[in-house]
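**Q** So you can see what is in the structure, the chains are spelled out below.
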Amino acid sequence: KQEVTQIPAALSVPEGENLVLNCSFTDSAIYNLQWFRQDPGKGLTSLLLIQSSQREQTSGRLNASLDKSSGRSTLYIAASQPGDSATYLCAVRPGSSNTGKLIFGQGTTLQVKP
Amino acid sequence: DARVTQTPRHKVTEMGQEVTMRCQPILGHNTVFWYRQTMMQGLELLAYFRNRAPLDDSGMPKDRFSAEMPDATLATLKIQPSEPRDSAVYFCASGWAGSGSSYEQYFGPGTRLTVT
Chain A
1 KQEVTQIPAA
11 LSVPEGENLV
21 LNCSFTDSAI
31 YNLQWFRQDP
41 GKGLTSLLLI
51 QSSQREQTSG
61 RLNASLDKSS
71 GRSTLYIAAS
81 QPGDSATYLC
91 AVRPGSSNTG
101 KLIFGQGTTL
111 QVKP
Chain B
1 DARVTQTPRH
11 KVTEMGQEVT
21 MRCQPILGHN
31 TVFWYRQTMM
41 QGLELLAYFR
51 NRAPLDDSGM
61 PKDRFSAEMP
71 DATLATLKIQ
81 PSEPRDSAVY
91 FCASGWAGSG
101 SSYEQYFGPG
111 TRLTVT
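Protein chains in written order, with the working numbering: chain A, 1 to 114; chain B, 1 to 116.
None of these hints come from the bench; they were simulated from the model. Do not rely on the hints blindly, as some may be mistaken.
Below, computed lysine to aspartate or glutamate pairings styled on EDC-like, alpha-carbon distance capped at 20 Å [as the list claims (entries may be wrong)]:
no.	chain 1	residue 1	chain 2	residue 2
1	B	Lys78	B	Glu104
2	A	Lys68	B	Glu104
3	A	Lys1	B	Glu44
4	A	Lys1	B	Glu83
5	A	Lys68	A	Asp27
6	A	Lys42	B	Asp86
7	A	Lys68	A	Asp84
8	A	Lys42	B	Asp56
9	A	Lys1	A	Asp27
10	A	Lys42	B	Glu104
11	A	Lys113	A	Asp67
Model the full structure from these sequences, guided by the hints.
**A** This is the structure we're talking about:
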């Protein structure tokens with residue numbers, strides 16, 4: 001059974017710092033992996049999607065990497081800003097899925113202090 | 001600007017009452033997912049549909065929960081009777097599943113349910 005773990009559960013950094021959020025999964029047979037952002041009381045916003053054949057994806061100050069064989073993904077945020085404060089969720093699509101079913105980690109809550 | 005809509009956004013009800021949550025997926029999407037989010041369990045998949053057919057509802061308590069898609073523009077999640085432990089945020093998501101698809105999902109804003 002696929003399980004997704006995110007460490008740390010919470011992180012507080014000063015503005016301007018570069019930071020890394022970690023995601024690990026137990027079954028390397030994934031179709032792809034998706035990183036989401038969730039603001040308090042809001043829905044999920046997709047940040048980056050990495051196909052199983054890719055090693056990384058970049059969008060602005062965000063860079064997500066994928067090491068399928070070791071069951072790990074990282075989300076790198078450069079030059080963090082207070083507006084980056086949110087919960088970041090990692091989710092994997094099992095390789096056998098033909099509908100896009102997602103399995104989520106518990107999330108990392110990030111606070112960026114001015 | 002296509003987006004998933006959910007109604008109601010907030011619902012407070014008493015134990016034993018029926019609750020119906022609605023979702024309008026993005027036009028053209030052929031998969032719909034229902035998730036529940038709690039502090040303790042995080043995000044859990046309850047059920048999902050492809051081309052309006054239920055593919056998996058193993059995440060739902062069958063005795064009280066039911067999910068349907070009366071048509072391509074509406075998905076419903078019902079709880080009858082509701083219990084305090086059902087208090088959570090319920091999210092609907094939609095996406096396109098097909099050959100070459102990335103299966104990316106787009107989430108609605110959620111329905112915050114409180115059962116007293």
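**Q** Out of the numbered hints, which ones does the structure contradict?
**A** When the structure is compared with the hints, numbers 1, 4, 7, 8 and 11 turn out to be violated.
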